[in-house]
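Q: Work the whole structure out from these sequences, hints included.
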Amino acid sequence: LEESQSELLVLQSAREKAEVCEAELGPLKEWVSKCTDWSTYLESRVEKAEAELEKLGEELEEAQGEAERYRNVADDALDELKDTRSRVRELEEALRQLKQDL
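Residues 1109 to 1210 (the numbering used here) make up the sequence shown, in order.
It is worth saying that the hints were derived from the structure and are not from the lab.
Where is the CB? At the ideal position from N, CA and C, for every residue including glycine.
Be a bit skeptical, because a hint or two may be false.
Claimed, not checked - Derived DSSO-like pairs (lysine-lysine); straight-line CA-CA distance at most 30 Å:
#	residue 1	residue 2
1	LYS1137	LYS1125
2	LYS1125	LYS1142
3	LYS1137	LYS1163
4	LYS1142	LYS1156
5	LYS1207	LYS1190
Said to hold, decoys possible - Restraint-style ranges between C-beta atoms, simulated for each label pair:
#	residue 1	residue 2	range
6	VAL1181	THR1144	52 to 58 Å
7	GLN1120	LYS1156	50 to 56 Å
8	ALA1202	ALA1171	43 to 49 Å
9	GLU1166	LYS1190	34 to 40 Å
10	GLU1132	GLU1166	47 to 53 Å
11	ASP1145	VAL1181	52 to 58 Å
12	ALA1157	ARG1177	51 to 57 Å
13	GLU1170	VAL1140	42 to 48 Å
14	THR1144	ARG1177	46 to 52 Å
15	LEU1133	GLN1113	25 to 31 Å
A: Below is the structure:
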């Protein structure tokens, strides 16, 4: 009987400890759940940010290509302008020479 009472006390003590652990475990489970939700949310945001970054990178490449094309057109126009000025000088010189010869 004494042994049974001793075992009963041990079991009651174990049950009380289990109840305390369970009570402490509840908030931890809730905290883990919230952390998991935040982690999922943040992963989603990171994926969206990465997709946006990739899109912006592609747009930047397109803009750089377009800028290069405009730069080439401007360079060609400048070269043409220089050639035209040179040709105008040649024509002016020829005209002066022609006036002197007359």
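Q: Each hint: holds or not?
A: We went through each hint and held it up to the structure:
As the CA atoms of LYS1137 and LYS1125 are separated by approximately 18 Å, the hinted pair is consistent with the 30 Å bound. Restraint check for LYS1125 and LYS1142: satisfied, since their Cα atoms lie roughly 26 Å apart, inside the 30 Å limit. Restraint check for LYS1137 and LYS1163: not satisfied, since their Cα atoms lie roughly 39 Å apart, outside the 30 Å limit. Of the supplied pair hints, the one linking LYS1142 and LYS1156 holds, its CA atoms being roughly 21 Å apart against a limit of 30 Å.
At most 30 Å may separate the alpha-carbon atoms for a hinted pair to count; LYS1207 and LYS1190 meet this at roughly 26 Å. Between VAL1181 and THR1144 the C-beta distance comes to about 56 Å, which sits within the given range of 52 to 58 Å. In this structure, GLN1120 and LYS1156 meet the distance hint of 50 to 56 Å, their C-beta atoms being roughly 54 Å apart. The supplied range of 43 to 49 Å is met by ALA1202 and ALA1171, whose beta-carbon atoms lie about 46 Å from each other.
For the pair GLU1166 and LYS1190, the beta carbons lie near 36 Å from each other, so the given range of 34 to 40 Å is met. A hinted range of 47 to 53 Å holds for the C-beta pair GLU1132 and GLU1166, which are about 52 Å apart. A beta carbon spacing of about 54 Å between ASP1145 and VAL1181 agrees with the range 52 to 58 Å that was offered as a hint. Checked against the given bound of 51 to 57 Å, the beta carbons of ALA1157 and ARG1177, roughly 30 Å apart, lie outside it.
For the hinted restraint 42 to 48 Å between GLU1170 and VAL1140, the CB-CB distance of approximately 45 Å keeps it satisfied. The hinted window of 46 to 52 Å between THR1144 and ARG1177 holds, with their beta carbons roughly 50 Å apart. Judged by the Cβ atoms, the range 25 to 31 Å given for LEU1133 and GLN1113 holds: they are separated by roughly 30 Å.
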